[in-house]
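*Asks:* Let the hints inform the model, and build the full structure from the sequences given.
Sequential numbering from 1 applies to the sequence shown in UniProt numbering.
Derived by calculation from the structure, the hints in this document are not laboratory data.
As the structure is a computational prediction, the values presented were derived from the model and not from experiment.
Hints may contain errors.
Claimed, not checked - In silico EDC-like pairs for lysine to aspartate or glutamate, Cα to Cα no more than 16 Å straight-line:
| # | residue 1 | residue 2 |
| --- | --- | --- |
| 1 | K68 | E36 |
| 2 | K64 | E87 |
| 3 | K60 | E70 |
| 4 | K72 | E84 |
| 5 | K37 | E86 |
| 6 | K37 | E90 |
| 7 | K37 | E87 |
| 8 | K68 | E87 |
| 9 | K37 | D108 |
| 10 | K68 | D88 |
| 11 | K64 | E94 |
| 12 | K72 | D108 |
| 13 | K64 | E84 |
| 14 | K67 | D88 |
| 15 | K37 | D88 |
| 16 | K67 | E86 |
| 17 | K67 | E90 |
| 18 | K64 | E90 |
| 19 | K67 | E87 |
| 20 | K37 | D111 |
| 21 | K60 | E84 |
| 22 | K37 | E70 |
Stated by the list, open to error - What follows is a set of in silico ranges between Cβ atoms, one per label pair, in the way DEER data are often shown:
| # | residue 1 | residue 2 | range |
| --- | --- | --- | --- |
| 23 | S117 | T65 | 28 to 34 Å |
| 24 | I119 | Y50 | 14 to 20 Å |
| 25 | G95 | S117 | 26 to 32 Å |
| 26 | I62 | S30 | 26 to 32 Å |
| 27 | A57 | E115 | 27 to 33 Å |
| 28 | S117 | W45 | 16 to 22 Å |
| 29 | S61 | Q118 | 30 to 36 Å |
| 30 | E36 | M93 | 15 to 21 Å |
| 31 | T46 | M93 | 16 to 22 Å |
| 32 | R116 | R66 | 30 to 36 Å |
| 33 | K67 | R116 | 27 to 33 Å |
| 34 | K37 | S61 | 19 to 25 Å |
| 35 | E86 | T46 | 26 to 32 Å |
| 36 | I119 | R66 | 27 to 33 Å |
Idealized CB from N, CA, C, for every residue including glycine.
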Amino acid sequence: MEESGGAKGFKGDEISLLAEELIQLSVKSSMVVPSEKPTLLCTIWTKKFYNPDSFRAQMKSIWKTRKKFEIKLEGQNLFLIMFESEEDLELIMEGQPWLFRKNLIIFDRLDRSIERSQI
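*Replies:* Given below as structure tokens:
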């Protein structure tokens, strides 16, 4: 009887990961570093699976900022949101609470590097 798993279990098949999956596999003790732009750290209060791209699309459609902003996946259920202007960051903070699929979005200003385990 053949053992399952290990090198024998793959029989030459290759495993490939998307860039976002690799980010999610990053070591928990790694540093989260803010951009030089005004930056928010963001997470969604949920245990349900969701597509990060749908989160980005929804926020870009409902947030009416004066200038552009970028949402970058930083880890599993962890995003960095970089704004072109301080005023736009403040506008989003003042508009809280924000929801994504009826789940609360939690923000914190990121103004210094922080260990992932301290978030």
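*Asks:* For the pair E86 and T46, does the Cβ-Cβ distance stay inside 26 to 32 Å?
*Replies:* 29 Å Cβ-Cβ, so the 26 to 32 Å window holds.
*Asks:* Range first: 26 to 32 Å. Now tell me if the beta carbons of G95 and S117 are that far apart.
*Replies:* 30 Å Cβ-Cβ, so the 26 to 32 Å window holds.
*Asks:* Between the alpha carbons of K37 and E86, is the straight-line distance 16 Å or under?
*Replies:* holds (8 Å)
*Asks:* Hinted pair, alpha-carbon criterion (16 Å max): K72, D108. Please report holds or violated.
*Replies:* holds (15 Å)
*Asks:* Does E87 lie within 16 Å of K64 when you go C-alpha to C-alpha?
*Replies:* Given pair K64, E87 holds - Cα atoms ~12 Å apart, limit 16 Å.
*Asks:* Taking the beta carbons of S117 and W45, is their distance inside 16 to 22 Å?
*Replies:* About 19 Å separates the Cβ atoms of S117 and W45, which means 16 to 22 Å holds.
*Asks:* Quick one: are E36 and M93 within 15 to 21 Å, going by C-beta?
*Replies:* Since E36 and M93 have Cβ atoms about 19 Å apart, the given range 15 to 21 Å holds.
*Asks:* Could you grab the alpha-carbon distance between K68 and D88 and see if it respects the 16 Å cut-off?
*Replies:* holds (9 Å)
*Asks:* Please verify whether K60 and E70 have alpha carbons no more than 16 Å apart.
*Replies:* holds (9 Å)
*Asks:* Could you tell me whether the CB distance from T46 to M93 stays inside 16 to 22 Å?
*Replies:* holds (21 Å)
*Asks:* Need the status of pair K60, E84: alpha-carbon distance at most 16 Å?
*Replies:* Roughly 14 Å separates the two Cα atoms, so the pair holds.
*Asks:* I want to verify a distance hint. Is the separation of the beta carbons of A57 and E115 within 27 to 33 Å?
*Replies:* holds (30 Å)
Of the numbered hints listed earlier, not one is contradicted by the structure.
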